[in-house]
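A.B. asks: Chain R: place on chain X using the hints.
In the order they appear, the protein sequences are chains X and R.
Following our numbering, the numbering of the first sequence begins with 1 at its first residue and continues without gaps.
Following our numbering, the numbering of the second sequence begins with 1001 at its first residue and continues without gaps.
Mixed in with the good hints there might be a few duds.
Residues from chain X shown here face chain R by an in silico Cβ test under 10 Å; the list is partial [claimed, not checked]: (1) 68; (2) 147; (3) 151; (4) 157; (5) 161.
Restraint-style ranges between C-beta atoms, simulated for each label pair [said to hold, decoys possible]: (6) X:52 / R:1095: 50 to 60 Å; (7) X:155 / R:1180: 33 to 43 Å; (8) R:1068 / X:104: 24 to 34 Å; (9) X:33 / R:1028: 18 to 28 Å; (10) R:1008 / X:159: 12 to 22 Å; (11) R:1035 / X:160: 51 to 61 Å; (12) R:1035 / X:41: 40 to 50 Å.
Keeping only pairs whose Cα atoms sit at most 20 Å apart, straight-line, the calculated EDC-like set for lysine to aspartate or glutamate is [what the hints assert, rightly or not]: (13) R:1072 / R:1031; (14) R:1072 / X:144; (15) R:1072 / X:22; (16) R:1072 / R:1061; (17) R:1072 / R:1028; (18) R:1072 / R:1026.
These are computed hints drawn from the structure, not numbers from a lab.
Here a beta-carbon is modelled for each residue, glycine too, at the ideal position from N, C-alpha and C.
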Amino acid sequence: MTSLHAPAPELAARFERLARTELSRGARIAHVLLALVASALTIVVASLWLTEPSLPLRTSIAFALMTAIGLSWVVYSVWVLSARRVMFARQRVVAGRVAVTFCGVFSLGCVTLAAATDARGAWPAFAMSLALLTIAIGLWRRAESAHASLLARRDALERTLAGGAR
Amino acid sequence: MSHPDHADESSRIADELLAIRCQLGEPDAFDALIARWHRPLWLYVRRMTGHDQEAEDLLQEIWLRVIRGIAKLRDGSRLRGWLFGIARRVLMDRLRRRYVAPPLDDLDAVDVAADVDPIDREADLAALDLALDTLPLAERDLLTLFYLRDLSLAELADALSVPVGTVKSRLFRARNLLRAAIQERNDR
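So here's chain X without its partners, still in its complex pose (with noise of 0.2 Å):
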């Protein structure tokens, strides 16, 4: 087809930057640690808001727009992560673990506090936090098994590909 125009050489080299740009685990890591820190925060502040008696009403608006400010933070990390720097299968079994790590050491925190003081929001926010805990373990495990199922699939492929050659 005589027509049709051959792509400039330097094209797909720029695509391969583009590529390597768009995979920067910097970015990744960095949203997955601001979903984590601003669940934690959100938590904290939603206990103490819930669990405190004859607040004034200033201060528990200020409690409300923290709460707000708090889940819009988590909104928009985890929108980062699900539509702009998506995380591959490997680095969401990574990204499990620190979430679990994260969440399994914030809930520990919970408890002490709850235990050695009388803290009204102490409670509450370890119940919170658990909760948290048991969404990061779902996540992890369903991202180990997901990756797992790849890492099965890609080593029959290439098995396959390398009879085929033979």
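C.D. replies: Just chain R now, with coordinates in the frame of chain X:
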């Protein structure tokens, strides 16, 4: 010389392997994906736009969507249709902004075989190359993917997000238009 069916199967397996390596997050896999599919996608987009610069812009958008979307590709063996589907959507988004496109009037799954006429393929390709630019955008798009990029009916169905029967009916109509365009050229 390897059998064409075997070559197709090997190509399908290689595509699936590449898709899975990308889904695992192997950086080298993305370089391999671009090396394998850059030229076919370029040729499709370049033909549809007719401009190098516009094709480059569109291809950048296509690769961004591929990198961001490949983790969600469920069946890696359908990589080819999925890639051209993304390319087509990016292209149509751009063209839609530029033109008021006529709606695609889908003929329902008329049971028409796409390969009903045993037209000599070489002659068909030569005539296609000359007459393609005179066709409406939808038919040009379909015939470019089918003849010049060699997508199968199933891959076309993936790329266009329509059932295979609809692809057949659209191909039937596009081939008739192409035939008329070639006839018109011959009558001049």
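A.B. asks: The structure should be examined with respect to each hint, and the outcome stated for every one.
C.D. replies: Do the hints match the structure? See the list:
| no. | hint | result |
| --- | --- | --- |
| 1 | 68 | violated (28 Å) |
| 2 | 147 | holds (7 Å) |
| 3 | 151 | holds (7 Å) |
| 4 | 157 | holds (4 Å) |
| 5 | 161 | holds (6 Å) |
| 6 | X:52 / R:1095: 50 to 60 Å | holds (59 Å) |
| 7 | X:155 / R:1180: 33 to 43 Å | violated (52 Å) |
| 8 | R:1068 / X:104: 24 to 34 Å | holds (31 Å) |
| 9 | X:33 / R:1028: 18 to 28 Å | holds (27 Å) |
| 10 | R:1008 / X:159: 12 to 22 Å | holds (19 Å) |
| 11 | R:1035 / X:160: 51 to 61 Å | violated (21 Å) |
| 12 | R:1035 / X:41: 40 to 50 Å | holds (45 Å) |
| 13 | R:1072 / R:1031 | holds (19 Å) |
| 14 | R:1072 / X:144 | holds (16 Å) |
| 15 | R:1072 / X:22 | holds (16 Å) |
| 16 | R:1072 / R:1061 | holds (18 Å) |
| 17 | R:1072 / R:1028 | holds (19 Å) |
| 18 | R:1072 / R:1026 | holds (16 Å) |
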